[in-house]
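Residue numbers (the numbering used here), protein chains in the order written: chain X, 1 to 321; chain E, 1 to 361.
Don't read these hints as lab results, they were simulated from the structure.
Each hint should be verified, as a subset may be incorrect.
Covered stretches of chain X (chain E as the covering partner; in silico rule of three or more C-beta atoms under 8 Å from a C-beta of chain E) [as the list claims (entries may be wrong)]:
{"hint": "1", "region": "35-43"}
{"hint": "2", "region": "57-70"}
{"hint": "3", "region": "104-115"}
{"hint": "4", "region": "152-165"}
{"hint": "5", "region": "262-270"}
Lysine to aspartate or glutamate pairs mimicking EDC-like chemistry, simulated, CA-CA at most 20 Å apart [claimed, not checked]:
{"hint": "6", "chain 1": "E", "residue 1": "LYS157", "chain 2": "E", "residue 2": "GLU350"}
{"hint": "7", "chain 1": "E", "residue 1": "LYS157", "chain 2": "X", "residue 2": "ASP201"}
{"hint": "8", "chain 1": "X", "residue 1": "LYS100", "chain 2": "E", "residue 2": "ASP336"}
Even for Gly, the Cβ is constructed at its ideal location relative to N, Cα and C.
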Amino acid sequence: MTEMTYLRAISDGLRTEMRDDARVLLMGEDIGVYGGAFKVTDGFIDEFGADRVMDTPLAESGIVGTAVGAAVVGLRPVCEMQFADFVSCGFDQIINVAGKMLYRQGLPVNVTIRLPSGGGFSGGPFHSQNPEAWFMHSPGLKVVAPSTPEDAKGLIIASIRDPNPVIYMEHKNLYRHVKGEVPEGSYETPFRARVAREGSDLVVITYGAMVHTALEATHDLDGASIMVLDLRSLVPLDEAAILAAVRECSKVVVVDEANRTCAAGAQVAALIAERGFEDLDGPVVRVASPDVPIPFSPPLEAAVLPSADRVREACRQLLEY
Amino acid sequence: MRKATMATSSTDVPIGPRTPAQESPPAHLTPDDRVGLLRAMLLMRAIEQRAMNLYRQGKVPGSFYDGFGQEAVSVGATWAMAAADRLCVLHRDLGAHLVRGVEPARILAQYMGREAGITSGRDGNVHFGDYRTGCVGMVSMLPDMMLVAAGMAMAFKLRGEARCALTWFGDGSTSRGDFHEAMNWAGVQNLPVIFILENNQFAYSTPIDQQFAVNPVQRAAGYGFPGVSVDGNDVEAVFEATRAARERAITGGGPTLIEAVTMRMHGHGAHDDMKYVPKALVEEWRTKDPIDRQRARVAQLGIDVDVLHDEVRAEVEQAAKVALAGPMPDPATATDRLFHPRDADEILLEDGQAPWSGFQP
Chain X
1 MTEMTYLRAI SDGLRTEMRD DARVLLMGED IGVYGGAFKV TDGFIDEFGA DRVMDTPLAE
61 SGIVGTAVGA AVVGLRPVCE MQFADFVSCG FDQIINVAGK MLYRQGLPVN VTIRLPSGGG
121 FSGGPFHSQN PEAWFMHSPG LKVVAPSTPE DAKGLIIASI RDPNPVIYME HKNLYRHVKG
181 EVPEGSYETP FRARVAREGS DLVVITYGAM VHTALEATHD LDGASIMVLD LRSLVPLDEA
241 AILAAVRECS KVVVVDEANR TCAAGAQVAA LIAERGFEDL DGPVVRVASP DVPIPFSPPL
301 EAAVLPSADR VREACRQLLE Y
Chain E
1 MRKATMATSS TDVPIGPRTP AQESPPAHLT PDDRVGLLRA MLLMRAIEQR AMNLYRQGKV
61 PGSFYDGFGQ EAVSVGATWA MAAADRLCVL HRDLGAHLVR GVEPARILAQ YMGREAGITS
121 GRDGNVHFGD YRTGCVGMVS MLPDMMLVAA GMAMAFKLRG EARCALTWFG DGSTSRGDFH
181 EAMNWAGVQN LPVIFILENN QFAYSTPIDQ QFAVNPVQRA AGYGFPGVSV DGNDVEAVFE
241 ATRAARERAI TGGGPTLIEA VTMRMHGHGA HDDMKYVPKA LVEEWRTKDP IDRQRARVAQ
301 LGIDVDVLHD EVRAEVEQAA KVALAGPMPD PATATDRLFH PRDADEILLE DGQAPWSGFQ
361 P
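Take the sequences, apply the hints, and build the full model.
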């Protein structure tokens, strides 16, 4: 085990898989010579060369579309969107070409698309979004969102090996703020939920950066025993783990950093309403960003993004229900 | 060579038949190739005519889209492609699938949404590609497949393989951003890809003078590679332009944009009466029918074309019988095959048929 940041763990996973599999290549804007806007691929070009760490034209549709073409003739492209927000420019190729190819034609598309997502650093409306729900709603795509360095490495390796298109959500606010022990060598993290902290009075269900917000909010909550369930994978959604947590705790707070309407947490809440109703001792409570663009100015952004205080208050109220 | 008599292309493409006696024999086509080209075009037309009848009988759901009058574009281009080359096929290019080896019965089953269709009923009409023949089917967002073809070519180049990718797209789709992204990407990376602009004068009801101010074939120079126009109703000319482009591609010369100038002789789909197209224009293009032109050439070789045509008709009739006898898909399978299992065999595009004599040992 080696301690490293979330960002270095992603790099470590990419490097490990590139060493193991010559079919893997990275494609993106400024990822080669510059090493990526966030330096995830810093130094990669020296080890793997410009062909496998490809600086592409500034063309997100082009990145995804050519990756699909390369995948169906045997390469395993990993595409970097410089910011998750820019994936809107490549949306059509993901939804209509990559997502539907297997269902229509029996031809799997092994591409991984990395989306540096999330706010908290005055990125403003075009560098702070959490667009995972766009892809959850579109059939044929898997969506994963690691919260720890160990899972960041294991999930990038598992995403590359998965024969289907995988949207890999990596939260920018975790890049350098979160450190953890990461196993050496190659390993895969399964596309299933993980209990980040055991508990029995209430469960907070969340993923990505909000796992840390939830842990901070509930580590000492008037002595209550609070479980935190880290979903890790949004498609497939680990329904069994969610329903088991509801049975165990009977009270549920669902947290999204994303805009509230139709967010991943809305799907979790709907699942519990349909299949966990008998186990509930109170309403499912949601904490999410309101349905506005993520504002730039620090006090405005802080007013929008879910904070530990908001999560704590939501839990406290539900515990008193 | 005669000049174009129409103002429907901004380029000087010779359109209209010369008599076979006036032509010199093609340099890269044997008599068997020339018959094969005709046969593939006859087969495409016969299948689509049969399918149109099935549509009128209510056996083809949705609408039906055909390539009547454009058979030379897909047949001629595909004839130049090697087994290991890869193709992304557009909806008026049924001939590509036939040349690559997709059986007519499966195509008719596809149109009728039956289990034996290439997509097993998951998609309709010519929205299919049989990966076993090296073909990827189109999506309706055009020209998305230009980027997919560029990506295939990128992989070939990265691996140092002498292979080529080809795709077709229409005049309307040159207005979209993916046209630019693909042209630019292919130019920047000097990729072994052939882009065939199938200029059939109309995007649904919109004529080309409302689509672009400069003919897209002239834009190729702006991306750093050649653009050439060919008579899209001359199957041997389309073959030759594609053969030359492929030769360029696999020897490191980079991409080529080929504009195949043709005419959409039917409506956008079977539901479209195309009243917006001047009758005189259709009549003029009727005299340039690609099959009539190739028939005359093949007849000149001493082949009994009527016998050939009868064979093709009988083949399609038999295919229709097989397709009609096949079941509809089981509704219980509607949610199957969304994800490929990790432990299943890897599936990639496979080699298709490549009947051109130039590829035979």
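Consistency of the hints with the structure:
1. Here's how the region 35-43 of chain X fares: 0 of its residues keep a CB closer than 8 Å to some CB of chain E, so the rule of at least three is not met and the hint is violated.
2. Given a C-beta distance limit of less than 8 Å, the hint that chain E covers the region 57-70 of chain X holds, as 11 residues qualify and 3 suffice.
3. Chain E is given as covering the region 104-115 of chain X, and this holds because 5 residues of the stretch bring a CB closer than 8 Å to a CB of that chain, at least three being needed.
4. Residues of the region 152-165 of chain X lying with their CB closer than 8 Å to a CB of chain E number 4, which satisfies the three-residue condition for coverage.
5. Restraint check on the region 262-270 of chain X versus chain E: 0 residues with Cβ-Cβ distances below 8 Å, three needed, restraint violated.
6. Taking the CA atoms of LYS157/E and GLU350/E, the gap is near 18 Å; set against the 20 Å cutoff, the hint holds.
7. For a cut-off of 20 Å, the pair hint linking LYS157/E to ASP201/X is broken: about 59 Å separates their Cα positions.
8. A distance of roughly 12 Å separates the Cα atoms of LYS100/X and ASP336/E; the hinted pair therefore holds under the 20 Å criterion.
In this structure, the hints that do not hold are numbers 1, 5 and 7, in rising order.
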